[in-house]
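Now for the letters of each chain:
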Amino acid sequence: MQTSVSQNKLVSGFTDKANKALGISKQDALISKSYLAVAFIALLLGGLLGLLQGLNRAGLLELPAWLNYYQVLTAHGILLVVVLSAFFTIGYFYAGLSHTLGGLLPKVRKIAWIGFWTKIVGFVLVVIPILMNEASVMYTFYPPMKAHPMFYFGLALIVVGVWFLAAGAFINVANWRKNHKGEHLPILAFFATGVFVLLVGATAFVAVEVLFMIIPWSLGWVDTINVMVARTLFWAFGHTAVNIWYLTAVSAWYVVIPKVIGGTRFNDYLTRVVVIALVIMNITGGFHHQIIDPGISLPIKFMHVFMSLAIGFPSLMTAYAMFRVFERTGRRKGAKGALGWIKKLPWGDVRFLSPFIAMAAFAPAGAGGIVQSTNQLDQVVHNTMWIVGHFHLTLGMSVVMTFFGVSYWLVPYISNRVLTPKMNKLGVIQTIIWTIGMVIMAFSMHTAGLFGAPRRTSYTTYGDFSASLGWDPYMAAVGVGATLLLVAVIIQVYAVFNMMFFAPKGTTEFPIAEVEADEAKTPYMTERWGVWVVVMLIVIAMAYVLPLTDMIVNAPPGSPPFKTW
Amino acid sequence: MHLDEKIWLTLSFGMIMIFMFITGYQTFALEMGPPSNNELIDPQKVDETAPFDEPGIKQVGENEYEVVMTLQVFSFNPMDIEVPAGSTVHFILTSKDVVHGFEIAGTNVNAMVMPGHIQKITQKFDEPGKYLVLCNEYCGAGHQVMSTTITVK
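First to last, the protein sequences are chains A and B. The numbers in the working numbering rise by one with no breaks, and the one at position 210 of the first sequence is 210. The numbers in the working numbering rise by one with no breaks, and the one at position 16 of the second sequence is 16.
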């Protein structure tokens with residue numbers, strides 16, 4: 001028994017070293033390459049559709065009947081919020097697991113491929129009815145609007161695909177832990193564990209909604225549906241999903257960026273605490289999407305304001321951590337004075353610049369989030385363009401710009417190629433164009449929203465009300481922002497495929513920062529994922545058991561399906 | 001943990017608690033909570049169920065009005081309401097089909113209107129003028145035309 005353990009250790013120690021010396025294995029690289037390729041094709045399509053919407057809302061483009069605004073918007077949301085983010089997250093973390101755990105296990109590779117094709121088939125099933133105008137229901141698909149059943153089967157397959165990927169990640173992590181008893185999981189694998197735990201937790205809710213409520217109803221097996229329960233289950237998933245993409249970006253902030261700027265990473269213990277806190281508290285945040293819904297009592301809503309705001313705390317810890325790392329690194333490079341360290345940061349390096357702007361954007365984005373999860377303030381901006389502006393800051397800047405920055409080393413790493421100075425320069429230009437486009441768009445959306453302009457509404461002046469309410473100039477600016485963004489999208493997609501197939505061959509490092517030399521050892525408690533999952537389930541139960549029971553027991557007669565488009 | 005981090009985290013925690021306190025005070029002491037009415041209705045029998053069998057506006061007190069309104073694709077019933085300046089208006093709302101939103105642009109009136117649920121929200125109209133009422137939850141192909149007005153004289 002003992003010898004087998006030490007032998008295992010020996011073998012895995014060897015593969016660890018081989019992995020670091022030779023880079024990622026071809027088979028593992030192919031998995032990540034496939035996921036990233038799909039992610040960036042989705043970005044191209046989603047960006048193109050985004051431009052169509054922007055121009056429509058600016059009043060410059062009337063969309064034809066065979067490709068109407070609501071079809072375009074549904075596809076835009078699914079391509080960018082579901083496909084781009086999920087495929088990038090999986091491609092990135094699977095490369096990270098392969099790198100930090102000494103390669104993927106053969107069976108995990110197999111699972112990753114099954115998951116990949118399950119998701120692709122699911123995605124095709126989702127897209128067909130959207131193109132046929134049989135599923136213009138947005139990515140929130142609130143019943144009693146009913147899309148073609150194929151749309152829901154597609155969604156179910158996407159969820160099943162996610163579960164395969166999560167299972168694969170857990171198997172690889174468990175195997176590593178078995179061979180490294182008493183050791184802390186490498187930090188990037190620790191983030192990956194948190195992300196996949198949350199993915200399973202979040203998709204469980206939407207799976208119940210789709211499998212047990214919507215599919216039987218859409219097939220006509222049952223006549224009516226409980227609209228409120230469906231909506232609540234959706235938001236337990238929907239809000240967590242975007243927070244998972246955010247946690248993925250945060251992993252790069254803590255683990256990768258310090259290395260890129262030539263520093264060490266923030267305190268290991270606190271980093272792990274932030275991950276655990278985000279995992280435990282996240283799923284309960286979804287309820288603040290229902291602050292102005294009927295049928296939920298004020299005390300329950302108030303409890304959920306607290307549960308939503310609580311998620312802000314680990315983010316504020318992160319804000320401190322990032323600037324501490326920047327300052328420490330700058331001072332070590334000889335910076336003087338209070339702010340001299342700013343000059344020592346590598347502003348010309350796209351691998352730093354893009355994620356840095358992403359972090360900076362999270363300051364207004366997070367503040368806006370706190371605003372709109374409180375009762376009365378949400379009532380002012382609920383379902384207005386403000387919300388659209390908010391998630392273009394959080395997703396379109398904080399998350400996606402981090403993903404862009406990561407792509408400039410991750411794609412060369414998995415392709416055994418290098419980032420050339422020329423490509424880096426192109427990346428910097430791309431970052432600047434994207435930033436300007438997103439700032440113009442997000443600012444205009446927030447402002448128009450404060451004046452009452454509704455979201456998810458194709459071009460309309462409401463009989464010239466839009467002019468007197470002051471929306472028009474801001475909606476025109478949204479069109480300008482969308483145009484700049486598409487330019488940046490094209491450059492980014494070109495860069496990714498160039499780095500994947502055409503850039504000069506060579507070895508690129510997977511940048512993972514070390515801890516400070518004199519840092520105290522992290523308590524082993526952080527590694528008890530079983531405990532954290534139980535705590536997460538208790539918090540979810542506190543948040544959801546009461547209101548969901550109430551919605552089921554005191555339900556109104558259900559709603560029949562409607563196709564209103 | 002460094003001293004400056006402790007200060008930062010204390011401030012962060014304090015800020016969240018202040019937000020909580022103000023939200024709670026406004027919700028429970030000042031009764032400014034978000035619309036959360038808890039009454040049910042059969043969404044397939046709205047037209048036969050009181051008070052929605054007679055949608056419309058009626059005076060219920062001095063400067064006080066009650067508007068019973070149904071929302072359906074892609075209209076409000078009643079449309080184009082008129083009230084005198086200084087009136088307080090209680091809106092009683094439900095949907096006859098899908099999920100709708102009830103927003104009066106330029107005011108804080110904003111509520112989700114779901115089939116099966118009766119939603120209530122109140123607003124005092126001091127400034128004379130024409131207000132835009134719109135649906136702010138995507139409800140179908142004609143969502144962008146779903147609007148009406150309230151004229152305050």
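These are calculated hints, taken from the structure and not from any lab test. The beta-carbon is built from N, C-alpha and C at its ideal position, and this holds for glycine as well. Heads up, some of the hints might be wrong.
On the chain B side, residues computed to face chain A include the following (Cβ under 10 Å) [said to hold, decoys possible]: (1) Met17; (2) Asp47; (3) Ile57; (4) Val60; (5) Glu64; (6) Ser75; (7) Asn77; (8) Met79; (9) Ala105; (10) Ile118; (11) Tyr138; (12) His143.
Okay, the hints, checked on the actual structure:
1. Met17: For Met17/B, the interface hint holds, since the closest Cβ of chain A sits about 9 Å away, which is under 10 Å.
2. Asp47: violated (14 Å)
3. Ile57: This hint is violated: Ile57/B lies away from chain A, its Cβ roughly 21 Å from the closest one there, beyond 10 Å.
4. Val60: Cβ of Val60/B sits 21 Å from chain A, so the hint is violated.
5. Glu64: violated (22 Å)
6. Ser75: Violated. Min distance 12 Å.
7. Asn77: Result: violated, 16 Å to nearest chain A Cβ.
8. Met79: This hint is violated: Met79/B lies away from chain A, its Cβ roughly 12 Å from the closest one there, beyond 10 Å.
9. Ala105: At about 3 Å, which falls below the 10 Å cut-off, the nearest Cβ of chain A leaves the hint on Ala105/B intact, so it holds.
10. Ile118: OK, holds: Ile118/B within 10 Å of chain A, min 7 Å.
11. Tyr138: Given a least distance of 4 Å, the restraint on Tyr138/B holds.
12. His143: holds (6 Å)
Consistency note: the structure conflicts with the earlier hints numbered 2, 3, 4, 5, 6, 7, 8.
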